[in-house]
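Those protein sequence lines, which keep their order, are chains A and B. All residue numbers in the first sequence are consecutive under my numbering, ending with 331. All residue numbers in the second sequence are consecutive under my numbering, ending with 1118.
These are computed hints drawn from the structure, not numbers from a lab. Since this is a predicted model, take the numbers as computed values, not measurements. Check the hints yourself; a few may be wrong.
As the list claims (entries may be wrong) - Below, a list of computed lysine to any residue pairs in the SDA-like style, where the Cα atoms sit at most 20 Å apart:
| # | chain 1 | residue 1 | chain 2 | residue 2 |
| --- | --- | --- | --- | --- |
| 1 | A | LYS30 | A | ARG58 |
| 2 | A | LYS247 | B | LYS1002 |
| 3 | A | LYS247 | B | ASP1105 |
| 4 | B | LYS1115 | A | GLU213 |
| 5 | B | LYS1002 | B | PHE1019 |
| 6 | A | LYS247 | B | ALA1108 |
| 7 | A | LYS72 | A | GLY118 |
| 8 | A | LYS72 | A | PRO33 |
| 9 | B | LYS1002 | B | LEU1069 |
| 10 | A | LYS266 | A | SER307 |
| 11 | A | LYS247 | A | VAL285 |
| 12 | A | LYS137 | B | SER1054 |
| 13 | B | LYS1115 | A | PRO212 |
| 14 | A | LYS279 | A | HIS306 |
| 15 | A | LYS137 | B | GLY1058 |
| 16 | A | LYS247 | A | PRO327 |
| 17 | B | LYS1062 | A | LYS247 |
| 18 | B | LYS1062 | B | PRO1095 |
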Amino acid sequence: MGFEGASGLLFEQAMAQTRMAVCLTDPNLKDDPIVFCNEAFQRLTGYQSEEILGRNCRFLQGPDTDQAQVSKIRDAIRAEEVVVVELLNYRKDGSTFWNTLHLGPIYDANGKLTYFFGSQWDVTDIHQSRSEERHAKALAREISHRMKNVFAVIGGIVNITGRAMDAREVSRRINERIQALGRSYEPTLDEAVLGTIHVGQAIRSVLQPYDPEGDRIRFTGNGVRTEPNAISAIGLTLHELATNASKYGALSNENGTVDIAWKHVKDKLGRNSLEIEWKERGGPVLSGGPDETGTGFDIADTLLSHSRGMLERSWESDGLRATIIVPVSNS
Amino acid sequence: MKTFLVLEDEPLIAMDLKFAFEDAGHEAVTAVDNEEALACIEKGNIAGAILDVSLGRGVTCKPTANRLLRDGIPFVLHTGDLNRVGEHLREIDAPVIAKPRPADDVVASLLNLLKEAA
């Protein structure tokens, strides 16, 4: 075969050019020494070929090399199997790198084991970003946990104060709003890393307590994200809508439903906005709108106007239709 | 009037829950760690319990939960970290209430649990 005749030359050229560090060891010699290594191998490890050849690969290991990974290598060599392990190796200057080592037996034409082929890939970058990601996630979770506790403690303070001052009704309403606010930020806290939050998750967690069975409120959205600062107004507005629905609307009887849909739109002034539609059905029959003064809608209107948004309401006979529109800077 | 156990290391939350039990016409004893909680159960006549899941420094309410399960006393888990509950307490068969939640709601769900069990 022509290929076989040229293979020596081809092998050398390919090995010289590849950026993958490659070595061959000879298991038929005592202690399975390295008998070939390419340029990339020398660059990766910091050793010259004359310092490498004749030594067993273990000279790249050090105190923090995971021995469980090393024994995987040993087992694979003994069983003449292919193995891929990731282990911490040491350069000549003592610095470390994460090495994805691929190791496998090479047989001659008669099926006799002649070499072990080892290719090593420096995956320190991947390793680092993986551990940074893990760290960031753990941190976000810890913050989320603590924030939820803080909201719970604030709730406790408000309740205790309300009891002491004989203002339970007021404290209860303050608390409901605080807790709704806390829930609106839940998804933000859990994925604090990303900087924007999933509108749908915020909406779901705000409304969850109003639909404990999960069959009265239906959600439709398309993975829209927005920056966290729009969320407090949206969260509190949804809370007021849900409170109203629980008292007088579709959530006040056995079988009413609420449909919520959200999407990005251009508002009347051409700004990127988030639009949330709220549709109640199957509640008690309404005859026109209720007296809205002193209700939570006052607060919702005020909050939304500060965000340059609005809450449109229309009281249809089969239930309230409401639309929340809030400008968002990124969409 | 029944007596309930509140295991919670955050005093303001514990106090709030205790008052909520009183509002509901019951009384509550509070414990800040598993040792105190187990001692309360030892004394007897605990009708039900609210357990904060993480009690700081990696300690969970598991010893107390196990004891309550053994004695057949109903309880709910009250936690701000649902993920960690999944890791530590998956095997414990008890309702989980996510913090923050109004104390009255937490108490109401435990009282419901008692009603169902009766």
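> Which earlier hints turn out false for this structure, listed by number in ascending order?
Replying inline: Hints 2, 14, 16, 17 contradicted; others consistent.
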